[in-house]
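S.K.: So you can see what is in the structure, the chains are spelled out below.
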Amino acid sequence: MTAMAGASDAAVAGETARRRGRGWLLLVPGMLYLAVFFLYPAVQLFLTSLYDPSGSYETGYALTWHFGNYVDAISSTWNLFVRSFLYAGIATVVCLALSYPLAYAIAFKAGRWKNVMLVLVIAPFFTSFLLRTLSWRTILADQGPVTGFLHAIAVLPEHGRLLATPVAVIAGLIYNFLPFMTLPLYASLDKVDHRLIEAAGDLYSNPFTGFRKVTFPLSLPGVVSGTLLTFIPACGDYINAELLGTPKQYMVGNRIQSAFLTEHNYPLAASLSIVLMAVVVVMVVLYVRRAGTEELV
Amino acid sequence: MDEVSSDRRDLHLERVTKRFGDFAAVDDLTLTVPQGSFFALLGPSGCGKTTTLRMVAGLEEPTQGRVLIGEEDITGLRPYKRPVNTVFQSYALFPHLTIFENVAFGLRRRGVKDYKAKTEQMLELVQLAPYGARKPAQLSGGQQQRVALGRALINEPGVLLLDEPLGALDLKLRRQMQIELKRIQTDIGITFVHVTHDQEEAMTMADTIAVMNHGVIEQMGAPGDLYENPQTTFVANFLGQSNLILSGVTDPAGDTVVVDCHGQKVGLDAARAHTTNGQGWLGVRPEKIFASAAGTEDHGDVNLLTGGRVTDVSFNGVSTQYLVGMPWGQELMVFEQNTGRRAPFRNGDGVDLAWSRSHSFLLDAVQDAHAGVITPEDAE
Numbered sequence: 001m002t003a004m005a006g007a008s009d010a011a012v013a014g015e016t017a018r019r020r021g022r023g024w025l026l027l028v029p030g031m032l033y034l035a036v037f038f039l040y041p042a043v044q045l046f047l048t049s050l051y052d053p054s055g056s057y058e059t060g061y062a063l064t065w066h067f068g069n070y071v072d073a074i075s076s077t078w079n080l081f082v083r084s085f086l087y088a089g090i091a092t093v094v095c096l097a098l099s100y101p102l103a104y105a106i107a108f109k110a111g112r113w114k115n116v117m118l119v120l121v122i123a124p125f126f127t128s129f130l131l132r133t134l135s136w137r138t139i140l141a142d143q144g145p146v147t148g149f150l151h152a153i154a155v156l157p158e159h160g161r162l163l164a165t166p167v168a169v170i171a172g173l174i175y176n177f178l179p180f181m182t183l184p185l186y187a188s189l190d191k192v193d194h195r196l197i198e199a200a201g202d203l204y205s206n207p208f209t210g211f212r213k214v215t216f217p218l219s220l221p222g223v224v225s226g227t228l229l230t231f232i233p234a235c236g237d238y239i240n241a242e243l244l245g246t247p248k249q250y251m252v253g254n255r256i257q258s259a260f261l262t263e264h265n266y267p268l269a270a271s272l273s274i275v276l277m278a279v280v281v282v283m284v285v286l287y288v289r290r291a292g293t294e295e296l297v
Numbered sequence: 001m002d003e004v005s006s007d008r009r010d011l012h013l014e015r016v017t018k019r020f021g022d023f024a025a026v027d028d029l030t031l032t033v034p035q036g037s038f039f040a041l042l043g044p045s046g047c048g049k050t051t052t053l054r055m056v057a058g059l060e061e062p063t064q065g066r067v068l069i070g071e072e073d074i075t076g077l078r079p080y081k082r083p084v085n086t087v088f089q090s091y092a093l094f095p096h097l098t099i100f101e102n103v104a105f106g107l108r109r110r111g112v113k114d115y116k117a118k119t120e121q122m123l124e125l126v127q128l129a130p131y132g133a134r135k136p137a138q139l140s141g142g143q144q145q146r147v148a149l150g151r152a153l154i155n156e157p158g159v160l161l162l163d164e165p166l167g168a169l170d171l172k173l174r175r176q177m178q179i180e181l182k183r184i185q186t187d188i189g190i191t192f193v194h195v196t197h198d199q200e201e202a203m204t205m206a207d208t209i210a211v212m213n214h215g216v217i218e219q220m221g222a223p224g225d226l227y228e229n230p231q232t233t234f235v236a237n238f239l240g241q242s243n244l245i246l247s248g249v250t251d252p253a254g255d256t257v258v259v260d261c262h263g264q265k266v267g268l269d270a271a272r273a274h275t276t277n278g279q280g281w282l283g284v285r286p287e288k289i290f291a292s293a294a295g296t297e298d299h300g301d302v303n304l305l306t307g308g309r310v311t312d313v314s315f316n317g318v319s320t321q322y323l324v325g326m327p328w329g330q331e332l333m334v335f336e337q338n339t340g341r342r343a344p345f346r347n348g349d350g351v352d353l354a355w356s357r358s359h360s361f362l363l364d365a366v367q368d369a370h371a372g373v374i375t376p377e378d379a380e
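Line by line, the protein sequences are chains A and B. If you're matching positions, the first sequence starts at 1 in this note's numbering and goes up one per residue. If you're matching positions, the second sequence starts at 1 in this note's numbering and goes up one per residue.
One chain only, chain A, in its complex shape (with noise of 0.2 Å):
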């Protein structure tokens, strides 16, 4: 008797150690691939920032842990910085008051509309990044019909343009990355009980009490992560200033381009690439902290 509750014991902690051992396994792929096609470039990246300056393309680079590269990038691209992370600042929180209500209607209102809605905000997706922006281009043209409307009601001035400005390079941000705001923003309040804002209305909230006090904080979530896939894109974007902007407008994202591909100053693009990534990461670990997600359920 003893001898088989015996048995059956360590056939019970066997499986459990195999189901352990199973759930490890099922990482590794992911962990593989993580490693080998992220972790391995972001170390030669980082090398890559500490090679010597004076290296060239043609003469081959070496490995002198010049942290002045730091220092250089830095010091002739920190209005760059400022810029993208004003753009990119903008951009998330213009994204985040068009998108809300959007998701809010499609999420509380749409019906049986819903999935034709959500189907239309990713629907730009099936079209190239680069065609949509360079579309924008004729929306925003000198002589196209947004100009002409607002030269009409007077907004802009005689010979003012939208091309070429902050403007079209901002609302080419806003327009990109909308859907990245607007499906965490629905996958959020898609989730938020119905009972719960009656529940707030039976206790005295009008409906606009209702939604400050119950609705928006259970959208907490998605308004985290739907800033966050946004901001982050958005400041390394190039393709908007590039296209839709002047160098006036470049934003890091063009030099470390120009610095990878065409002066091929390699030790400066990583360099940038690097504390762009940093930036970006502490930026995102003190906004998450104050939004304080890790509290919400």
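Hint data in this document are derived by calculation from the structure and do not stem from the laboratory. Using N, Cα and C, we set each Cβ at its ideal position, and we do this for glycine too. Some hints here could point you the wrong way.
[Said to hold, decoys possible] Some chain A residues flagged as far from chain B (calculated, every beta-carbon gap over 12 Å):
#	residue
1	T64
2	A97
3	K114
4	L220
5	L286
[Said to hold, decoys possible] Listed next, the in silico DSBU-like pairs over lysine-lysine satisfying Cα-Cα at most 35 Å (straight line):
#	chain 1	residue 1	chain 2	residue 2
6	B	K135	A	K191
7	B	K135	A	K109
8	B	K172	A	K191
9	B	K81	A	K109
10	B	K81	A	K114
11	B	K118	A	K191
12	B	K81	A	K191
13	A	K191	B	K116
14	B	K135	B	K113
15	B	K113	A	K191
16	B	K116	B	K172
17	B	K182	B	K288
18	B	K81	A	K213
19	A	K213	B	K182
20	A	K213	B	K113
21	A	K213	B	K135
22	A	K213	B	K288
23	A	K213	B	K116
24	B	K135	A	K114
[As the list claims (entries may be wrong)] Reference listing, derived: stretches of chain B covered by chain A, where coverage requires no fewer than 3 residues with Cβ under 8 Å from a Cβ of chain A:
#	segment
25	68-80
26	103-110
Following the hints, complete the assembly by docking chain B onto the known chain A.
M.R.: Below, chain B without anything else, positioned relative to chain A:
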């Protein structure tokens, strides 16, 4: 509660109808719940009881009719303007707020200054004082239920609505909470309107029960009255169990109505005969019947049906349930306390069934004898 006005704040529903498309969920319902009473709306799922509750809460709008509290017509008021609070079936606790914040929610929305002290008191009342800083997800089902109750009660509503509040609890906890709810209601004297499909729960707690079926009230009264003197087959079957035997009325005059029950004469009090001509369902509760070995019972003043034969015996501790096959083919239920005064009957034993005249009732024969019978599928 409003201390200046001393007028009664009874809840009135006047000819209230709620239609969803062609379907009348609640059909021309009129009902008064006296202030301070514990009122139960009892019925199977889909009978309209929850819809009735939601109309009082303001979460549904009546198609027709009026809802009043005292003299005040609240039919058109938005939920947040009504002196009514609800304990929801799902509890609907705010997951992002602490227990304290959940309970204080209503007071703070109304700008009550000393909400902190009141909230502490309420947490005390529902025995959750040590849990104020926790989130709902950190509490057990029974504790969450008490938070939902405290969150509603703290507002001292004119009427507290409870929508199957104990449905999610296991049996033992439910029994405990029933006693608890009844104690709190007696202590604070707020009107409770309690919706449930559990007849035992309704009978345990309520002063008055309204049995609903198909959007109308079948019968309303004190639990004892409903149980002892049901007026419809639905009530007879839904509240407890009943034996219903098709009988012809032979003598409707006088204090005792006499019916012919497949050739045997049976009498009942005139006040309990809800039909007096032609045929009717003669009803008697299984626990009211006394079974004795065939031929040993004196006819005397009791009703007696002879010629029965035990077809099934199930022993369940405190009592034994017999099925007794009668000469006309029907099986009657008999519950007997296990007093041990006599050995239990066995299958095939011949028995006579006796019960007091004051324990019979007579219902209209046009009604379905199986209306309101709780089948295993309904049990959930």
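S.K.: Hint by hint, work out which the structure violates, then give me just those numbers in ascending order.
M.R.: Result: hints 4, 22 break, sorted rising.
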